[in-house]
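Line by line, the protein sequences are chains A and B.
What the first sequence shows, in this note's numbering, is residues 1 to 280, in sequence order.
What the second sequence shows, in this note's numbering, is residues 281 to 560, in sequence order.
Take these hints with a grain of salt, some might be off.
In silico negatives: residues of chain B with every beta carbon more than 10 Å from chain A [unchecked claim]:
| hint | residue |
| --- | --- |
| 1 | N309 |
| 2 | T346 |
| 3 | K360 |
| 4 | L362 |
| 5 | T373 |
| 6 | S410 |
| 7 | A416 |
| 8 | K428 |
| 9 | E476 |
| 10 | E504 |
| 11 | G520 |
| 12 | E521 |
| 13 | V525 |
| 14 | K528 |
| 15 | N543 |
| 16 | K555 |
Mimicking DSS-like on lysine-lysine, the simulated pairs with C-alpha atoms at most 30 Å apart in a straight line are [as the list claims (entries may be wrong)]:
| hint | chain 1 | residue 1 | chain 2 | residue 2 |
| --- | --- | --- | --- | --- |
| 17 | A | K7 | A | K30 |
| 18 | A | K99 | B | K433 |
| 19 | A | K7 | B | K428 |
| 20 | A | K147 | A | K166 |
| 21 | B | K400 | A | K172 |
| 22 | A | K7 | B | K433 |
| 23 | B | K400 | A | K98 |
| 24 | B | K378 | B | K433 |
| 25 | A | K172 | A | K148 |
| 26 | B | K433 | A | K120 |
| 27 | A | K106 | B | K386 |
| 28 | B | K453 | B | K433 |
| 29 | B | K311 | B | K494 |
| 30 | B | K427 | A | K166 |
| 31 | B | K378 | B | K310 |
Simulated restraints on C-beta separations [to be verified]:
| hint | chain 1 | residue 1 | chain 2 | residue 2 | range |
| --- | --- | --- | --- | --- | --- |
| 32 | A | G230 | B | K296 | 56 to 66 Å |
| 33 | B | F457 | A | E4 | 24 to 34 Å |
| 34 | B | P375 | A | G230 | 49 to 59 Å |
For the record, the hints were derived by calculation from the structure and aren't laboratory data.
All C-beta atoms, glycine included, are put in the ideal place defined by N, C-alpha and C.
Protein chains: 2
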Amino acid sequence: MKIETAKHSGFCFGVKRAIQIATETAQNNKKTVTLGPIIHNPQMVEFLMKKGLHSVDDIKDITDETVIIRSHGITAENYKLLVERGLNFVDATCPFVKKAQEYAQKLTDDGYQLYILGEKDHPEVEALLSYIDDSAVVITNPDVDFKKPTQRKVALIAQTTQSEEKFEGLAKKLIHFSEELYVVKTICNATILRQETTRNLSQKVDIMIVIGGKNSANTTRLAEIARAEGCKTFHIETEGELKDVWFKDVDNVGISAGASTPNWIINSVKEKIKKINETK
Amino acid sequence: MKIETAKHSGFCFGVKRAIQIATETAQNNKKTVTLGPIIHNPQMVEFLMKKGLHSVDDIKDITDETVIIRSHGITAENYKLLVERGLNFVDATCPFVKKAQEYAQKLTDDGYQLYILGEKDHPEVEALLSYIDDSAVVITNPDVDFKKPTQRKVALIAQTTQSEEKFEGLAKKLIHFSEELYVVKTICNATILRQETTRNLSQKVDIMIVIGGKNSANTTRLAEIARAEGCKTFHIETEGELKDVWFKDVDNVGISAGASTPNWIINSVKEKIKKINETK
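From just these sequences and the hints, can you work out the full model?
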């Protein structure tokens, strides 16, 4: 049995940076917390918790700890609260997320009706929306929940981990309904490359194992992409979920992992698959 | 036999305005010329010539006449020449063409690689190009002559009389190749409506007669649109070109006319068709 891992799997620049900022801050200051899980990977969050870096969901629960703003960014309201309460904070928002936030604000200020391809409840989109007025429209799947713009000047951005294909699909729909359309592909390059290599790999293997948090939007998207290629696909968080029966009559296994999946999890999944193969 | 004329056929706002400016100027000043034909309709140009309003192709041939800048606008070089030579001139450029020129300049200044859907040799596009640097790309048919952008920031505008369908087709292609795409639909509304009513009419008639200058880009486009609907279509300038044989076994005739086709030509075509029908 051959096991191949898609290029660009695992930690992206923004995640590496956030974890580095968080661990360094925690080393210097025992009283450090992250506002919400630093990344969408329960195993990594647990690992950091063991090192003393806890996650807090509500600013009200913070007393005098140093706060890490996680890679997805925070809402304008939470930012205001941090400042008002005089809390120490370190901003680990991914620079690409920050750029999307800046575009959202600028385009809204310039009079565009803003469209965002993304998930309404995802912290990145929640943060994006909090910086702009309520004329913005969030579309999750342009084939299903498309709404026509109500203004003549329209702009389109995306949650940084969305799929390029869906983004282009939405842009194509908007072209017909707007006199001016400003499209900024705020999907980060690592996401585009990871999706592309996952798509290519899933075309040539028998099954795909996609590793990452069940709460990770970008990992979920990788599994969707592999399934769309007609490949039998399993989305797991750890090697514990692997089942022997998946590998029956399988010659080629593809592996891909989300931006928030640490290497040690990818490696232990690979090792477990090898063991399953040996006992076939 | 039923004859139906597509709504929004004939003179558009910009053409009416240009002719009004030209005739009023000529009334007040016997020595008035237009730089190039005022509109793309040989019959109307001839009619105006009889009223003393001549067309001159080269500024060098102008001595002391007042110059009318035609509806399509003029190039930056010609504009400079008019000023340098101290000639009197009246600007009858269509305001929608002017707006496209302003967008071309602004978008190029803002660092976008400019794409223009249009015909390279059309005076409107020649004028557009003259106001900007030479990184601009002119595409006539996105299915045939598409070129990938070489820059990451791309903008798209159109010659004001292009088809919305082709424009959207080009925008859809550009989306994939650009990080930032700024699409401004500079096609004028009268063009969109005229094309739409022509398309609808050509779906329900046996033949379409499209009236307008053979040198008129917008009229040529109307004929293309009717043909694309599978309708037998004839592009004529005057009633003299109508042939009895076209109307054999025909019950429904559709008529459409370009933005530069005067009403008296449309009416004489209708009358001639009625006469042909009477002698069937």
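Hints, verified against the model:
1. N309: Consistent with the label, B/N309 stays out of reach of chain A, its closest Cβ about 38 Å off (over 10 Å).
2. T346: holds (36 Å)
3. K360: holds (30 Å)
4. L362: The assertion about B/L362 holds, with a minimum of 32 Å to chain A.
5. T373: For B/T373, whose nearest Cβ neighbour in chain A is about 20 Å away, the distance exceeds 10 Å, so it holds.
6. S410: Correct as stated: the minimum Cβ-Cβ distance to chain A is 24 Å, above 10 Å.
7. A416: holds (19 Å)
8. K428: holds (15 Å)
9. E476: holds (13 Å)
10. E504: Fine: 20 Å to the nearest Cβ keeps B/E504 off the interface.
11. G520: holds (40 Å)
12. E521: Since the minimum Cβ distance to chain A is about 36 Å, B/E521 lies beyond 10 Å and the statement holds.
13. V525: For B/V525, whose nearest Cβ neighbour in chain A is about 40 Å away, the distance exceeds 10 Å, so it holds.
14. K528: Answer for B/K528: holds, closest chain A Cβ roughly 40 Å.
15. N543: Per Cβ check, B/N543 is outside 10 Å of chain A; nearest 29 Å; holds.
16. K555: holds (43 Å)
17. A/K7 / A/K30: violated (37 Å)
18. A/K99 / B/K433: holds (16 Å)
19. A/K7 / B/K428: holds (26 Å)
20. A/K147 / A/K166: holds (15 Å)
21. B/K400 / A/K172: Measuring from Cα to Cα gives roughly 26 Å; hence the hint holds.
22. A/K7 / B/K433: Distance of about 28 Å is within 30 Å: holds.
23. B/K400 / A/K98: Violated. B/K400 to A/K98 sits at ~41 Å, over the 30 Å cutoff.
24. B/K378 / B/K433: holds (23 Å)
25. A/K172 / A/K148: Satisfied, since the Cα-Cα distance of roughly 12 Å is no more than 30 Å.
26. B/K433 / A/K120: holds (28 Å)
27. A/K106 / B/K386: holds (18 Å)
28. B/K453 / B/K433: holds (14 Å)
29. B/K311 / B/K494: Since the Cα atoms of B/K311 and B/K494 sit roughly 29 Å apart, the hinted pair holds (cutoff 30 Å).
30. B/K427 / A/K166: This hinted pair holds, its Cα atoms lying about 23 Å apart.
31. B/K378 / B/K310: Answer holds: B/K378 to B/K310 is near 27 Å, not above 30 Å.
32. A/G230 / B/K296: 56 to 66 Å: Roughly 58 Å apart at Cβ, these two residues keep to the hinted range, so it holds.
33. B/F457 / A/E4: 24 to 34 Å: holds (29 Å)
34. B/P375 / A/G230: 49 to 59 Å: holds (54 Å)
In terms of the numbered hints stated before, the structure departs from hints 17 and 23, listed from lowest to highest.
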